[in-house]
Amino acid sequence: MASITMDNLHKVYTGGVRAVTGINLDIADGEMIVLVGPSGCGKSTLLRMVAGLETISEGTLHIGERVVNNLEPADRDIAMVFQNYALYPHMTVFNNLAYGLKNRGFSKAEIDRRVRDAAEMLEIGAFLDRKPRQLSGGQRQRVAMGRALVREPAAFLFDEPLSNLDAKLRVQMRVEIRQLQKRLATTSLYVTHDQLEALTMADRLVVLNGGQIEQVGTPMDVYSRPATTFVAGFIGSPAMNMLPADYLRSTQASDNLAHLPQAADLIGIRPEDLALETPGDGDLSLTGKLLLLEPAGAESHLHLKFDGLHENMIIRLPHVPSVIEGQALSFTVRRDNLHPFDGATGKRVS
Amino acid sequence: MVENNRWGNLLAHIILIFGVAIVIFPVYVAIIASTHPSGTFLRGVMPLLPGPNALENYKTVILEGRSRAGTPPISGMLWNSFVMAMAITIGKLSISLLSAFAIVYFRFPFRIFFFWVIFLTLMLPIEVRILPTFQVVADLGMLNSFAGLSIPLIASATATFLFRQFFMTVPEELMEAARVDGAGPMKFFKDILMPLSITNIAALFVIMFIYGWNQYLWPLLITTDPEYYTIVMGIQRMVTGGDSEPLWHLVMATVVLAALPPILVILFMQRLFVKGLTETEK
Numbered sequence: 001m002a003s004i005t006m007d008n009l010h011k012v013y014t015g016g017v018r019a020v021t022g023i024n025l026d027i028a029d030g031e032m033i034v035l036v037g038p039s040g041c042g043k044s045t046l047l048r049m050v051a052g053l054e055t056i057s058e059g060t061l062h063i064g065e066r067v068v069n070n071l072e073p074a075d076r077d078i079a080m081v082f083q084n085y086a087l088y089p090h091m092t093v094f095n096n097l098a099y100g101l102k103n104r105g106f107s108k109a110e111i112d113r114r115v116r117d118a119a120e121m122l123e124i125g126a127f128l129d130r131k132p133r134q135l136s137g138g139q140r141q142r143v144a145m146g147r148a149l150v151r152e153p154a155a156f157l158f159d160e161p162l163s164n165l166d167a168k169l170r171v172q173m174r175v176e177i178r179q180l181q182k183r184l185a186t187t188s189l190y191v192t193h194d195q196l197e198a199l200t201m202a203d204r205l206v207v208l209n210g211g212q213i214e215q216v217g218t219p220m221d222v223y224s225r226p227a228t229t230f231v232a233g234f235i236g237s238p239a240m241n242m243l244p245a246d247y248l249r250s251t252q253a254s255d256n257l258a259h260l261p262q263a264a265d266l267i268g269i270r271p272e273d274l275a276l277e278t279p280g281d282g283d284l285s286l287t288g289k290l291l292l293l294e295p296a297g298a299e300s301h302l303h304l305k306f307d308g309l310h311e312n313m314i315i316r317l318p319h320v321p322s323v324i325e326g327q328a329l330s331f332t333v334r335r336d337n338l339h340p341f342d343g344a345t346g347k348r349v350s
Numbered sequence: 001m002v003e004n005n006r007w008g009n010l011l012a013h014i015i016l017i018f019g020v021a022i023v024i025f026p027v028y029v030a031i032i033a034s035t036h037p038s039g040t041f042l043r044g045v046m047p048l049l050p051g052p053n054a055l056e057n058y059k060t061v062i063l064e065g066r067s068r069a070g071t072p073p074i075s076g077m078l079w080n081s082f083v084m085a086m087a088i089t090i091g092k093l094s095i096s097l098l099s100a101f102a103i104v105y106f107r108f109p110f111r112i113f114f115f116w117v118i119f120l121t122l123m124l125p126i127e128v129r130i131l132p133t134f135q136v137v138a139d140l141g142m143l144n145s146f147a148g149l150s151i152p153l154i155a156s157a158t159a160t161f162l163f164r165q166f167f168m169t170v171p172e173e174l175m176e177a178a179r180v181d182g183a184g185p186m187k188f189f190k191d192i193l194m195p196l197s198i199t200n201i202a203a204l205f206v207i208m209f210i211y212g213w214n215q216y217l218w219p220l221l222i223t224t225d226p227e228y229y230t231i232v233m234g235i236q237r238m239v240t241g242g243d244s245e246p247l248w249h250l251v252m253a254t255v256v257l258a259a260l261p262p263i264l265v266i267l268f269m270q271r272l273f274v275k276g277l278t279e280t281e282k
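From first to last, the protein sequence lines are chains A and B.
Counting in full-length UniProt numbering, the first sequence runs from 1 upward without gaps.
Counting in full-length UniProt numbering, the second sequence runs from 1 upward without gaps.
Please note: incorrect hints may appear among the correct ones.
Here are the simulated DSSO-like pairs of lysine-lysine, each with C-alpha atoms no more than 27 Å apart in a straight line [as the list claims (entries may be wrong)]:
1. 131(A) to 168(A)
2. 108(A) to 190(B)
3. 131(A) to 187(B)
4. 305(A) to 289(A)
5. 59(B) to 108(A)
6. 168(A) to 182(A)
7. 59(B) to 102(A)
8. 131(A) to 108(A)
9. 187(B) to 102(A)
The set of hints was computed from the structure by calculation and includes no laboratory data.
Full structure from sequences and hints, please.
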């Protein structure tokens, strides 16, 4: 159990590539932090810096009370779950779990107890004598988890652990990892590029882009008040629609937009905030031509073309409406659901 | 797939049997020849059926040797060959494993340079560098010793290169997982890398053993003391030694015995050996 403190962390690779620039982040004891961002945003590099697998070019990293900048991974009291599991192929599941404990000089009885406890927790007790290649992807994932669990470390580090699983298993493991983490209350750092994983698992979400933090906050915070256009576009599926403020001002009653700050020249609207209703008092109304209706079972996605707008808008409805493509449709959006951004800096304005 | 065709099968088998026969025949002749008394060969006709003297011939070569021609009993030479081949094999394997480990897993100055230096020695087999090597071994006083027999042959670029290629296919995450698990470099090497390379090691063991066993020119040069003669040069001495006609029946018995250890090594390692050549551990 420990907190993790990142103080102005930088990573510069030989050759001058700056992968991580100036990360400041405090992770509380027992907290589950999810690092999310597109490929190449530096999230894995940051995780590996915490693990000790990448050197820290600048800044200090605390795990608990200690500065761990120059400690070997083994001395940092962390355990890591790798994307491709990295199980030792020639060892049985039991030995895979026990290896880290053996190296630390635990007694045979203690190793046995811990391995069996972890195996029971993860329901892999039946496979302890098998080799990794005799296991399915989901089982290997559990073994990789087990290898982290037996150590009872101060922090878990997860490097996209679910990305090699199929969709169904991914949902199942996602729930299990989260439950386990809550039960053990172990500080965790979880890297993913999957925003659904990020939103569902995190206590707090860290959105990274270009080696820098775009926003830190609870998932609902980040979702309902994205701090930048990047976060707005990255979190949420389908992505948030962005309209020029000028376009809105030209089509709406000016009273309805009076509350928007002057600096806001870009307005974001979540696809689900648009509804096929008659506008109430102070609501905005938008009319466009339906290009494509995508029914998706419980919901549907409508692609619309607005006159004078370059990009299409996407609207998500919680049902499949009886409309035909080519039809003109009017949508209503509540005033409070507009997200004002400064187009030049990409920052939210309030 | 080629369709099953009766005549095609037959033809294929005939060709295969013919090929096997060509390879087997000299071995067969050697075995047969080793069972005949000495007079048989003077008639100039090779017998193709076993003779009566098998036990006697083998007893002679193993225990007595040909003292008149200056060759010791071959049991001693077999032992010398075995020690030399084993020293070369084990030495080659340990050195090449370690140097490949260093080249793949450590970042040190001139790493690539050293790799190429090792790689270049592939082009310098013992025959090419035999004079300077002899001079060095002689100056170090290693003539007529097992050290002199084996050490100059121990460095192996081939094995280093093969292990390097194999190590590069081992996922880097394994090394990282081992680091997180508290294993230092040598522990990772011993616990993870060695067991993963076991099939490669077995395959190279067989190849290196036969290489060491078959050394001819080098032992011939540096041994003058019969106590250090190896079996392969012993055969040569038996053929040319003395003024009399070579005793072909004894030479053949020696040849058969000389061929046995490599065969035993192959049989012993066969399972791993074939696996190592055909399979890559996933």
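Going down the list of hints, with the structure as the test:
1. 131(A) to 168(A): 24 Å, holds
2. 108(A) to 190(B): 21 Å, holds
3. 131(A) to 187(B): 21 Å, holds
4. 305(A) to 289(A): 5 Å, holds
5. 59(B) to 108(A): Given that 27 Å is the threshold and the Cα spacing comes to 55 Å, the pair is violated.
6. 168(A) to 182(A): 22 Å, holds
7. 59(B) to 102(A): 54 Å, violated
8. 131(A) to 108(A): 21 Å, holds
9. 187(B) to 102(A): 12 Å, holds
In this structure, the hints that do not hold are numbers 5 and 7, in rising order.
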